[in-house]
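Asker: Given next are the chains, with one letter for each unit.
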Amino acid sequence: MSKRKTILDEMIADVYVNKDDGSITILHEKPFDDELLNLQYSAHNGDLIFQFKDKEMKFGEELLGEFLSYFRDSTHITLLQMDMKTKNPIAGLEVPLSIIYH
Amino acid sequence: MVPLVYGAGVAVMAAGRFLLARAAPALIRGAGSLFTKKLTIGSAIAMSAAPTALSFLDNKTGNAISEALIKSPVGQGLEKLLSMNEWSQDQKASVVSNLVIDQLEARGSVSSNDADYERTKKIADAFGHIAIGDQIGAATIATNLGINTSDLVASYNEAKDQNPNASMADIGVLSFNNLRNKIRQQELDASTQNLQQTQQIEQKQRTVAPSPSGSAGISALSGKQLSSAFDTAADNAGFMGMVLKGVSLLAGIFGESVQAGFQKWALSNMETTARHATLETASKAGNTFSKFGDAFGIGGKPNLTYTNDLEMG
Numbered sequence: 001m002s003k004r005k006t007i008l009d010e011m012i013a014d015v016y017v018n019k020d021d022g023s024i025t026i027l028h029e030k031p032f033d034d035e036l037l038n039l040q041y042s043a044h045n046g047d048l049i050f051q052f053k054d055k056e057m058k059f060g061e062e063l064l065g066e067f068l069s070y071f072r073d074s075t076h077i078t079l080l081q082m083d084m085k086t087k088n089p090i091a092g093l094e095v096p097l098s099i100i101y102h
Numbered sequence: 103m104v105p106l107v108y109g110a111g112v113a114v115m116a117a118g119r120f121l122l123a124r125a126a127p128a129l130i131r132g133a134g135s136l137f138t139k140k141l142t143i144g145s146a147i148a149m150s151a152a153p154t155a156l157s158f159l160d161n162k163t164g165n166a167i168s169e170a171l172i173k174s175p176v177g178q179g180l181e182k183l184l185s186m187n188e189w190s191q192d193q194k195a196s197v198v199s200n201l202v203i204d205q206l207e208a209r210g211s212v213s214s215n216d217a218d219y220e221r222t223k224k225i226a227d228a229f230g231h232i233a234i235g236d237q238i239g240a241a242t243i244a245t246n247l248g249i250n251t252s253d254l255v256a257s258y259n260e261a262k263d264q265n266p267n268a269s270m271a272d273i274g275v276l277s278f279n280n281l282r283n284k285i286r287q288q289e290l291d292a293s294t295q296n297l298q299q300t301q302q303i304e305q306k307q308r309t310v311a312p313s314p315s316g317s318a319g320i321s322a323l324s325g326k327q328l329s330s331a332f333d334t335a336a337d338n339a340g341f342m343g344m345v346l347k348g349v350s351l352l353a354g355i356f357g358e359s360v361q362a363g364f365q366k367w368a369l370s371n372m373e374t375t376a377r378h379a380t381l382e383t384a385s386k387a388g389n390t391f392s393k394f395g396d397a398f399g400i401g402g403k404p405n406l407t408y409t410n411d412l413e414m415g
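Chains as they are written, first to last, in my numbering: chain F, 1 to 102; chain Z, 103 to 415.
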């Protein structure tokens with residue numbers, strides 16, 4: 001059985017926490033191929049699930065430890081698509097975040 | 103008889119193997135072993151790699167020593183045993199955490215039928231490690247459970263400060279109650295903050311777009327109603343069920359999540375640039391962390407999954 005693809009399988013991406021204001025930002029290399037509706041974070045296992053219009057994908061790395069409290073206190077996440085050459089942002093999106101506990 | 107078994111166990115500690123060998127037949131009991139039960143914490147490796155004299159003797163007697171300890175009143179005898187160098191930290195912590203769990207069960211605070219029983223046991227393990235001064239062990243367990251290690255330690259220290267003469271088992275139970283109250287308050291504060299944010303954003307959205315459907319209910323609640331709902335949720339969920347479940351339980355009660363008030367929002371070019379600049383500034387000041395480090399030229403340091411910031415009082 002083949003493993004389901006994750007965001008990290010498809011592109012370079014990283015999750016940043018700004019400790020100044022508690023905000024979470026995801027930087028990603030490419031545009032998504034489906035409409036991103038929201039994100040879901042599992043406080044149980046650290047999975048971050050991207051919920052698109054027609055599919056779901058996990059981020060691909062568990063986000064526990066220091067990440068947990070910031071996710072738990074957040075209601076939305078900023079996503080910035082980056083130009084990898086110039087290191088400048090191309091487009092930005094803010095999506096709702098929900099927390100699950102299983 | 104348990105007291106006799108306990109007495110024999112203490113005598114063994116003082117007099118050595120010979121006495122234990124003679125006492126062993128009377129000590130052997132059929133029940134499961136404390137050490138065997140708790141090897142999952144990680145003590146299995148330590149014990150198999152370097153078995154201490156005590157664990158050796160304990161195994162030789164069908165785990166009668168540990169079995170006796172777990173059934174015995176906590177007193178000076180146990181305190182003395184816990185100070186012995188030949189016990190590993192995990193072994194000592196196991197004795198304490200099992201006492202705490204037994205006390206919690208005896209007092210009706212937890213039941214082995216609880217959905218969160220395994221989690222409760224792990225928290226007891228963490229308190230066991232704190233009780234014997236093993237900060238690293240406690241912090242590691244707490245981190246894996248998603249509990250702030252500082253809350254864990256503060257709960258324990260408060261229990262000790264307020265009850266200096268209490269037994270170790272009582273301190274464990276009181277620590278649990280302190281931790282429960284701390285987490286309850288944190289969840290309540292977070293829920294209240296979410297509520298306020300929801301109300302603010304809904305207000306903002308009303309000025310630019312119609313409110314999203316289904317988001318009106320939660321924002322209509324007062325802080326007092328929210329607190330009351332949280333208490334109901336906690337009661338329904340049992341002792342540990344409420345831990346880390348506050349927001350989702352509230353969502354269950356109202357049939358919608360606090361986050362339902364938010365919609366995705368495409369950022370303007372100016373907003374996109376501003377968000378990036380904010381992140382970059384924070385990063386340069388050393389106030390960011392990320393999963394992988396610096397792939398995007400932001401300069402965030404990789405996530406630290408564990409910080410030993412414990413301060414034992």
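Check each hint, because a few of them may be wrong.
Said to hold, decoys possible - Straight line, CA to CA, 25 angstroms or less: simulated BS3-like cross-link-like pairs of lysine-lysine:
id, chain 1, residue 1, chain 2, residue 2
1, Z, Lys386, F, Lys19
2, Z, Lys284, Z, Lys262
3, F, Lys55, F, Lys87
4, Z, Lys262, Z, Lys224
5, F, Lys85, Z, Lys386
6, F, Lys3, F, Lys55
7, F, Lys5, F, Lys30
8, F, Lys87, F, Lys30
9, Z, Lys284, F, Lys19
10, F, Lys87, Z, Lys386
11, Z, Lys224, Z, Lys284
12, F, Lys5, F, Lys55
Said to hold, decoys possible - Using C-beta positions, here's what the derived DEER-type ranges look like:
id, chain 1, residue 1, chain 2, residue 2, range
13, Z, Pro266, F, Glu56, 26 to 36 angstroms
14, Z, Gly235, F, Met84, 23 to 33 angstroms
15, Z, Asp253, F, His44, 14 to 24 angstroms
16, Z, Asn246, F, Asp83, 33 to 43 angstroms
17, F, Asp9, Z, Asn265, 48 to 58 angstroms
18, Z, Gly395, F, His44, 18 to 28 angstroms
19, Z, Asn265, F, Asn45, 32 to 42 angstroms
20, Z, Gly388, F, Asp34, 31 to 41 angstroms
21, Z, Ser213, F, Glu56, 28 to 38 angstroms
22, Z, Lys386, F, Asp54, 37 to 47 angstroms
23, F, Lys5, Z, Asn265, 49 to 59 angstroms
24, Z, Asn265, F, Asp34, 52 to 62 angstroms
25, Z, Asn283, F, Met84, 46 to 56 angstroms
Unchecked claim - What the simulated footprint calls covered on chain F by chain Z, stretch by stretch (three residues with Cβ under 8 angstroms from a Cβ of chain Z suffice, anywhere in the stretch; the number is not a length):
id, segment
26, 5-17
27, 48-54
28, 77-83
Just so you know, these hints were derived from the structure itself, not from any lab.
All figures in this text were calculated on a predicted structure; none of them were measured in a lab.
Where is the CB? At the ideal position from N, CA and C, for every residue including glycine.
Asker: All the hints need checking, so say for each whether the structure fits it.
Answerer: A quick look at each hint next to the structure:
no.: 1; hint: Z:Lys386 / F:Lys19; in the structure: holds, 12 angstroms
no.: 2; hint: Z:Lys284 / Z:Lys262; in the structure: holds, 16 angstroms
no.: 3; hint: F:Lys55 / F:Lys87; in the structure: violated, 29 angstroms
no.: 4; hint: Z:Lys262 / Z:Lys224; in the structure: holds, 20 angstroms
no.: 5; hint: F:Lys85 / Z:Lys386; in the structure: holds, 20 angstroms
no.: 6; hint: F:Lys3 / F:Lys55; in the structure: holds, 15 angstroms
no.: 7; hint: F:Lys5 / F:Lys30; in the structure: holds, 15 angstroms
no.: 8; hint: F:Lys87 / F:Lys30; in the structure: holds, 13 angstroms
no.: 9; hint: Z:Lys284 / F:Lys19; in the structure: holds, 22 angstroms
no.: 10; hint: F:Lys87 / Z:Lys386; in the structure: holds, 15 angstroms
no.: 11; hint: Z:Lys224 / Z:Lys284; in the structure: holds, 18 angstroms
no.: 12; hint: F:Lys5 / F:Lys55; in the structure: holds, 11 angstroms
no.: 13; hint: Z:Pro266 / F:Glu56: 26 to 36 angstroms; in the structure: violated, 53 angstroms
no.: 14; hint: Z:Gly235 / F:Met84: 23 to 33 angstroms; in the structure: violated, 49 angstroms
no.: 15; hint: Z:Asp253 / F:His44: 14 to 24 angstroms; in the structure: holds, 19 angstroms
no.: 16; hint: Z:Asn246 / F:Asp83: 33 to 43 angstroms; in the structure: holds, 38 angstroms
no.: 17; hint: F:Asp9 / Z:Asn265: 48 to 58 angstroms; in the structure: holds, 54 angstroms
no.: 18; hint: Z:Gly395 / F:His44: 18 to 28 angstroms; in the structure: holds, 26 angstroms
no.: 19; hint: Z:Asn265 / F:Asn45: 32 to 42 angstroms; in the structure: holds, 37 angstroms
no.: 20; hint: Z:Gly388 / F:Asp34: 31 to 41 angstroms; in the structure: holds, 36 angstroms
no.: 21; hint: Z:Ser213 / F:Glu56: 28 to 38 angstroms; in the structure: holds, 35 angstroms
no.: 22; hint: Z:Lys386 / F:Asp54: 37 to 47 angstroms; in the structure: holds, 39 angstroms
no.: 23; hint: F:Lys5 / Z:Asn265: 49 to 59 angstroms; in the structure: holds, 55 angstroms
no.: 24; hint: Z:Asn265 / F:Asp34: 52 to 62 angstroms; in the structure: holds, 57 angstroms
no.: 25; hint: Z:Asn283 / F:Met84: 46 to 56 angstroms; in the structure: holds, 48 angstroms
no.: 26; hint: 5-17; in the structure: holds (count 5)
no.: 27; hint: 48-54; in the structure: violated (count 0)
no.: 28; hint: 77-83; in the structure: holds (count 3)
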